[in-house]
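Undergrad: This is what each chain is made of:
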Amino acid sequence: MGQTAASAAKTRGESGPLAILCEGVSFTYPGADAPALENVTLRVPTGERLGILGPNGGGKSTLLSLILGLQGGHTGRIEVLGMSPGRARAAGTIAYVAQRTGLERAMPLSVRQAVTLGAAWREPPWRGAGAEARARVEAALDLVGAGALAERPIGKLSGGELQRALIARALAARPRILLLDEPAVGIDVAGQRLLAELLERIRAGMGVTTVVVSHDLRAIAAGSDRVACLARRLHSHVSPAGLTPQVLAEVFSHDVAGLVGLEGRGVHVHAHEAGGAGGTGGGGCAQCHDDADGARGPEGGAV
Amino acid sequence: MRTLEYLSDPVLRSIYLPGIGVGALAALACGIVSPAVVVKRLGFVGQGISHSAFGGIGVASLLAAWGLIETGGRAEFAVVVAFCAAAAWGMGVVGGAAAGRRSGSEDTAIGVFLVASMALGAILVQVAREHALASGRAGDVRSWESILFGSVSVTGMEEVRLCAAVAGLVALSAWAFRRPGLFWAADEEAARAFGVPTRAVRAGLMLALALVVVTTMKVAGVVLSTALLVLPGATALRVSDRLATVWGLSVAVGLAGIGAGFVVSFETGWQPGPSIVAALVAMYAAALAVGKR
Chain A
22 MGQTAASAAK
32 TRGESGPLAI
42 LCEGVSFTYP
52 GADAPALENV
62 TLRVPTGERL
72 GILGPNGGGK
82 STLLSLILGL
92 QGGHTGRIEV
102 LGMSPGRARA
112 AGTIAYVAQR
122 TGLERAMPLS
132 VRQAVTLGAA
142 WREPPWRGAG
152 AEARARVEAA
162 LDLVGAGALA
172 ERPIGKLSGG
182 ELQRALIARA
192 LAARPRILLL
202 DEPAVGIDVA
212 GQRLLAELLE
222 RIRAGMGVTT
232 VVVSHDLRAI
242 AAGSDRVACL
252 ARRLHSHVSP
262 AGLTPQVLAE
272 VFSHDVAGLV
282 GLEGRGVHVH
292 AHEAGGAGGT
302 GGGGCAQCHD
312 DADGARGPEG
322 GAV
Chain B
24 MRTLEYLSDP
34 VLRSIYLPGI
44 GVGALAALAC
54 GIVSPAVVVK
64 RLGFVGQGIS
74 HSAFGGIGVA
84 SLLAAWGLIE
94 TGGRAEFAVV
104 VAFCAAAAWG
114 MGVVGGAAAG
124 RRSGSEDTAI
134 GVFLVASMAL
144 GAILVQVARE
154 HALASGRAGD
164 VRSWESILFG
174 SVSVTGMEEV
184 RLCAAVAGLV
194 ALSAWAFRRP
204 GLFWAADEEA
214 ARAFGVPTRA
224 VRAGLMLALA
234 LVVVTTMKVA
244 GVVLSTALLV
254 LPGATALRVS
264 DRLATVWGLS
274 VAVGLAGIGA
284 GFVVSFETGW
294 QPGPSIVAAL
304 VAMYAAALAV
314 GKR
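Those sequence lines, one after another, are chains A and B.
Those letters in the first sequence? Residues 22 to 324, per the numbering used here, in order.
Those letters in the second sequence? Residues 24 to 316, per the numbering used here, in order.
Chain A with its partners taken away, still in its complex shape (with noise of 0.2 Å):
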């Protein structure tokens, strides 16, 4: 599967194996009326920061899950470094920073005996957590900015801290790939100016590939070198440079254009290059009709 993936990329010209591969994927909840993603195509090079950007209930956590492996059902192949999505889980080469709603703040731990967990949970019983896993816990202390927080309770941090924490846990297993799902939820402007430097870190010390998920443009748009846009399907692309006021306005229309049932219309507004081609100007989007007429759009719909 690992050498479909990597010829398949070399074939399409991409640079490097690929990190995370989707092709056509589709996914729907049972019970659900319409689908959650639909004939999504993805594709991360390693080492990339890649941010997915797009309404609640646009299907970017149920990405996330698919890629993790925490959900089956779906149609379509995923892969991550070569591997099935579960198989990589196990593998310990991806790692994720939920959104923080999931822990437990009341549990007695400090932020070193977290992110331990994060480095050194499969360890055997009988033998304490080693000199590399305590020394990849520092790192990824120091690397995150959380050295001085090591031994508060990480039930007295505050929104940004904690954020930190879970990224430190996160890396301390010395993952291949992050996934980050609405690392931005309740923290401030300079809080999210600070994750975007702390992804570039991430990136430059140890070339970990990023994904980071959110409804909220800011969180995006500083730390990743692409931005995809999903609403069920993946859209398009976007550099950072090309998130104008605009183009914002084009891709938060997504929750209007749902509300008012133009997504059912097969009506789409997009984000596109700064400077490529049309769409952001308000007179409509060639990839838009092309959705709507059921052709692909210059990639197949791919990202």
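Please keep in mind that the hints were generated in silico from the structure rather than gathered at the bench.
For every residue, glycine included, the Cβ atom is placed at its ideal position computed from N, Cα and C.
Keep in mind that the hints are not guaranteed to be accurate.
What the hints assert, rightly or not - Label pairs and their computed distance ranges (CB to CB):
(1) Ala-188(B) - Ala-111(A): 29 to 39 Å
(2) Ala-109(B) - Gly-94(A): 22 to 32 Å
(3) Gly-228(A) - Ala-308(B): 51 to 61 Å
Claimed, not checked - Covered by chain A, according to a simulated footprint, are these stretches of chain B (three or more residues, beta-carbon under 8 Å):
(4) 55-65
(5) 193-201
(6) 217-227
(7) 258-266
Given the coordinates of chain A, work out where chain B should sit on it, guided by the hints.
TA: Just chain B now, with coordinates in the frame of chain A:
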């Protein structure tokens, strides 16, 4: 001091010492799982499992009335544990399925299993009693009072050995699976994403709960055994936010509750079960008043 009389008199000591031993071992087992129960908000699950013991006792009583097992023996213990474990599994499966269909919740499933087990237990104990009376073995069926509130008079060295085995098993499991267990308790969603077998961890905790409930109810009774699962951990978590301190305090509070409860029971003549719970509640109230969290 009637307590000293109880403990110095050879006859009384032989009656109460096994009960105190069972209580101490149950407090050890409960104290180990209690912080996880509190953090994961599994108190109602614990109550559901403890009340499902009614059904287990009903089945065991019927088997005893038929002469297939002995009342109070290992076979009865195994039957009740198996019933509680099956009920815990059922609560998880039905609750999960109901939540998935959005037609109910885990709480509803627990409530259904709880009342169904109590009803089944009540019916089977009555049937067993009638059968035992008819066949001249009335002593083979437990009294409702001992099921509800426990009875030290039914405990002997056999129960002490059984409880020691259970406490040892719970302590060993907690040590062996401390890392995946802590990860699951702290952040279940992330733990699953990191590859922690969260379903197995939850199932293991449910089995541990079933074991400690059945162990505890000998002394504290079915209704009150929930208190030993919840109050030590809740008290410790009010006082500290350090992992080792919380777990140590949880066990210490459970042991202190058993000790204080028996002293109150000896001094006043009240039942040990309610006395133990009263002592635990008093410690929790004190922690609320002075606790830092």
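Undergrad: Taking the hints in turn, state whether each one holds.
TA: Okay, the hints, checked on the actual structure:
Between Ala-188(B) and Ala-111(A) the CB atoms are about 34 Å apart, so this pair conforms to the stated range of 29 to 39 Å. Distance hint for Ala-109(B) and Gly-94(A): a CB-CB separation of about 29 Å, consistent with the stated range 22 to 32 Å. In this structure the supplied range 51 to 61 Å holds for Gly-228(A) paired with Ala-308(B), their Cβ-Cβ distance being about 55 Å. For the stretch 55-65 of chain B, the stated coverage by chain A holds: 4 residues have a C-beta nearer than 8 Å to a C-beta of that chain, and at least 3 were required.
For the stretch 193-201 of chain B, the stated coverage by chain A is satisfied: 4 residues place a CB nearer than 8 Å to a CB of that chain, which reaches the threshold of 3. Here the stretch 217-227 of chain B counts 3 residues with a CB under 8 Å from a CB of chain A, which clears the bar of 3, and the coverage holds. Under the rule that three or more residues need a Cβ within less than 8 Å of chain A, the assignment of the stretch 258-266 of chain B holds, with 5 such residues.
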